[in-house]
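Going down the list, the protein sequences come from chains A and B.
Quick note on my numbering: the first sequence kicks off at 260 and runs consecutively.
Quick note on my numbering: the second sequence kicks off at 260 and runs consecutively.
Fair warning: there could be bad hints in the mix.
No copy is singled out in the list; a pair is fine if it fits within one copy or between any two copies.
[Unchecked claim] Here are the simulated DSBU-like pairs of lysine-lysine, each with C-alpha atoms no more than 35 Å apart in a straight line:
id, residue 1, residue 2
1, LYS547, LYS570
2, LYS325, LYS368
3, LYS465, LYS570
4, LYS570, LYS327
5, LYS276, LYS327
6, LYS547, LYS458
7, LYS493, LYS327
8, LYS570, LYS368
9, LYS506, LYS570
10, LYS329, LYS506
11, LYS493, LYS465
12, LYS327, LYS465
13, LYS327, LYS458
14, LYS493, LYS547
No lab work stands behind these hints, which were simulated from the structure alone.
Keep in mind it's a predicted model, so treat the numbers as computed, not measured.
2 protein chains.
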Amino acid sequence: MYIPTFDDVRDAHERVKPWIHRTPVLTSTYFDTQTGAELFFKCENFQKAGAFKVRGASNAVFGLSKDKAKYGVASHSSGNHALSLSYAAGRRGIQATVVMPRTAPDAKKDAVRGYGGIVLECEPSTAAREAMLEEVVDETGADFVHPYNDHRVIAGQGTCSLELHEDAGPLDAVVAPIGGGGMISGTCLTMSNLSPQTKIYAAEPKNADDVYRSVREGRIIEDDAPQTIADGLKVSMRPRTWHFVSKYVADVLLVTEEEIAEAMYLVWQRMKIVIEPSSAVAIAAILKNHDLFAGKRVGVIVTGGNVDLAKLPWMKAA
Amino acid sequence: MYIPTFDDVRDAHERVKPWIHRTPVLTSTYFDTQTGAELFFKCENFQKAGAFKVRGASNAVFGLSKDKAKYGVASHSSGNHALSLSYAAGRRGIQATVVMPRTAPDAKKDAVRGYGGIVLECEPSTAAREAMLEEVVDETGADFVHPYNDHRVIAGQGTCSLELHEDAGPLDAVVAPIGGGGMISGTCLTMSNLSPQTKIYAAEPKNADDVYRSVREGRIIEDDAPQTIADGLKVSMRPRTWHFVSKYVADVLLVTEEEIAEAMYLVWQRMKIVIEPSSAVAIAAILKNHDLFAGKRVGVIVTGGNVDLAKLPWMKAA
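When you get a sec, could you build the whole thing from the sequences and use the hints?
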């Protein structure tokens, strides 16, 4: 199992720069006052394809040799990785094929097609999507780019905190949401090299607390179809991301569905930016644990802004 | 009637700088592709108190002599001017009193109070609010800061396009929404001095087309209780703003309620920023008249981001 190094992150940054935005780092008087911390929001909601995932996907796509690239790329994803892989493949002029659960929102499927990707629908189970993906790879010879358990993807996600560190200066802590662990792994990889004293916190929905339990038990525990509005965080870790989580993460902070919705609402209302529920998980965790962060310089990875504007969490409550 | 000069804008900028954000100028590949223009979005939705109005209000508040300031400031407004005046007065440590229609959203009234302002409720008519305002001024000696028919306010709003011009470079056109005309007047004042070749377009809801009709008839025509989701644009011009509109505005572009809602949705979805319906009027006008702007460098004033997140236009349609 190849574990990416910080040199891989540096290489990834050079490789993906032409295809991604250098997203801004925003501050907020309101949230600083609420938490007592100095917060630096790395806004990947403004990223190409609407999420940080384009960093890892672009690193994989543009790192392929010409000979390999001609067979295209493939993956399974119900969300942002599907969009990102299609975007990156489209830019390189190669085919992306994405296996998506038939229950995924039509808007997401349409967006993948809009970037030129092929959508194959499967039953919404891990077994079904892995079986269909295997078929695709066998038939087309496409390169499988796993959403997070891929050294190229982890190195790509590591470019996010590289920019955050350059733009915000030294940080006492970085908080990012965790699903499969790609972003957290990249963050650990980068910060452990650039700023080893910076503590990395993973924020997780209580309703999908597999990472919390994994860290306590010392082994990967998988969730069984968790229900959370943070739809990007339902998946479980794999060996490459567990490597980084078990080695570098200071703690896993849990938040409830209500806390996620409330944090999302506050960010929209106060910062005037559109963020998705998964991103709100990190902010909810900081609001909840403000004693932990008060007086500290804290980076927050705002992972994405792809949200169905017609189905907002506070609508259900109303 | 004192008409402000460009020197007043320069002075205003120095005066308000410590109290406002220098808001970013954003670009969007999506909207450039849709329109064929190169668009520069001046994002006053990120401004203090959530809208450009804080520029004019701060210029008035911080321009008062000590002797005058001690009696406080007063105005009538159902929206962003009320918030902005309260914010600015709070920063200077003086009292703001705002007459608001009893039908204004509670969230707005609470926000005014949150900044330390006093809210006086009146019946929702021009006569009622002007009568109550007069009483307040008589009793308190407060300085009346009109939301737009005030030379200090117009000079303050002119600082917005000053920054836009500095950050975006030479522009062929600037498009801003128009209600009472404060922002458009400030824009005309600044651009006619800094860049006389830049055309200024006012964007207006078809349902509140008093400016469109005024320009055609050559005199101020007032709307009679217009119904539009662009709630910041319901008011009519006054002599100081008519001065600038009649002299400098290249054209008034009308858009329907559906076009406003659609543009607002697209901006949230594609740019991941929260803008209010009034701001969407300018973007709707550019989308609708893309032939007019194709191939041009166009500034867009995104006037504010204060919107009730529980009542979004596309919710009604769903």
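So, going through the hints one by one against the coordinates:
| no. | hint | in the structure |
| --- | --- | --- |
| 1 | LYS547 to LYS570 | both (25 Å within a copy, 27 Å between copies) |
| 2 | LYS325 to LYS368 | within (28 Å within a copy, 62 Å between copies) |
| 3 | LYS465 to LYS570 | both (21 Å within a copy, 29 Å between copies) |
| 4 | LYS570 to LYS327 | neither (40 Å within a copy, 50 Å between copies) |
| 5 | LYS276 to LYS327 | within (22 Å within a copy, 55 Å between copies) |
| 6 | LYS547 to LYS458 | within (17 Å within a copy, 50 Å between copies) |
| 7 | LYS493 to LYS327 | within (31 Å within a copy, 60 Å between copies) |
| 8 | LYS570 to LYS368 | both (17 Å within a copy, 27 Å between copies) |
| 9 | LYS506 to LYS570 | neither (38 Å within a copy, 46 Å between copies) |
| 10 | LYS329 to LYS506 | neither (37 Å within a copy, 61 Å between copies) |
| 11 | LYS493 to LYS465 | within (11 Å within a copy, 46 Å between copies) |
| 12 | LYS327 to LYS465 | neither (41 Å within a copy, 56 Å between copies) |
| 13 | LYS327 to LYS458 | neither (39 Å within a copy, 52 Å between copies) |
| 14 | LYS493 to LYS547 | within (21 Å within a copy, 41 Å between copies) |
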